[in-house]
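There are 2 protein chains.
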Amino acid sequence: MKLLLISNSTNPGEEYLGWPRQDISNFLKDTGVKRILFIPYAGVTVTYNDYEAKVNAVFQQFGYEIYSIHHEQDPIRAVVEAEAIAVGGGNTFHLVREMQRTGIMQAIRGRVLAGIPYMGWSAGSNVACPTLRTTNDMPIVEPDSFNCMGLIPFQINPHYLDAHPAGHGGETREQRIEEFIAANPGVYVAGLREATSLQYDNGNLKLIGRHPMRIFRYGTTPREIQPGSEVGFLMLD
Amino acid sequence: MKLLLISNSTNPGEEYLGWPRQDISNFLKDTGVKRILFIPYAGVTVTYNDYEAKVNAVFQQFGYEIYSIHHEQDPIRAVVEAEAIAVGGGNTFHLVREMQRTGIMQAIRGRVLAGIPYMGWSAGSNVACPTLRTTNDMPIVEPDSFNCMGLIPFQINPHYLDAHPAGHGGETREQRIEEFIAANPGVYVAGLREATSLQYDNGNLKLIGRHPMRIFRYGTTPREIQPGSEVGFLMLD
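Chain order of the listed sequences is A and B.
The UniProt record's numbering numbers the first residue of the first sequence as 1 and each following residue consecutively.
The UniProt record's numbering numbers the first residue of the second sequence as 1 and each following residue consecutively.
Take these hints with a grain of salt, some might be off.
[What the hints assert, rightly or not] Facing chain A, from chain B, some residues (calculated, C-beta under 7 angstroms): (1) 141; (2) 146; (3) 170; (4) 176; (5) 179; (6) 183.
In case anyone wonders, no lab produced these hints; they're calculated from the structure.
Think of the CB as a built atom: it goes at the ideal place given N, C-alpha and C, for glycine as much as any other residue.
The task is simple: from the sequences and hints, build the whole structure.
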């Protein structure tokens, strides 16, 4: 299995998919992949055509072609025939609903377990988890279920942030994740800060990027993991 | 129908249920209510006993007794016999799951439509809406459905905030609500800032509190409504 699970597409003041560009290029090197099937269903206020064009403009720069599943008559067949898959960010609930409705949730799972490269950012990282339960997104639509692909046995919280907006009386991100682990003891949560990714390759899971990640599990003190670390313990269910 | 839908319990640096205390007192005045059934199910990292005690300490100060539904053998009967109901904040998904599981979602709806006073803050305001789709909370558990009581025909976004944490690449609150209205055209969303409430009484809906609220609807420019304004248009489906 070969995964690149990216916290976020864009850092403030930088280009779209700017910071992870080199990581994506490294990830795809020597795979023989030329064309990548793109899943745009997290997009809500952008058209799928525009979303596809935006992502393609980035991937073209290092020699890959993006083609979006929304053009396909038979989306499951498109998944079965794909050389690699990329799932873009946006609203996780919208993404999960459409992946379930079209049947590609299970189809992609099967292909990735069979070895084709999978990349996802933000919502696209959430759907690689057992469920969507650690998304930050608003539940704007109701999916059939919260179950996702379970390519990894732990939960990612993308865009993990330490800051709390001034004057805000709601929960901090850490408090939200503490609620999650209280309601779901036994499950690890990886708080992936902006400009960090988890890469799984050759049986190794590694944190890459610019910042440490924060690991939560019920009954333990949260701990920080430095970029470059192997974190295979997260893959042990 | 008599509703007090409060954005948030606590402003930074102020006491628990400090800012809305006078509004709660005004709301209950002349109702004849003495005892208020409390729904603590949004609490996840607090015990229901502790949550009850914390809320009771506030309500006692102006002469009301809080008793929590988690002590009741027959929760639906407790709802049927209640003089008034207060639903506390916390995690909306946990609250909705427990309200559905115990059957009190429908029971409370019936009692409130029959006229008993209903107060809710944060998650407790969300469940008065048609669905939970405009909560800010993490979906830490999966309810049977996103459907809520529909005491009002529009959606509240509690803790509405304009600020965006520094260095955060995720969506702003306004972007999240824009995604909601794109996916749910025709539904109004009321962005209730901290220290504001919506009060429905004698057939009138009014914004009370310290700040304007921001109203969203697909295809229109968001607009600001000043505290003290009647906003009956939101009740027209």
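Report the numbers of all earlier hints that the structure fails to satisfy, in ascending order.
none
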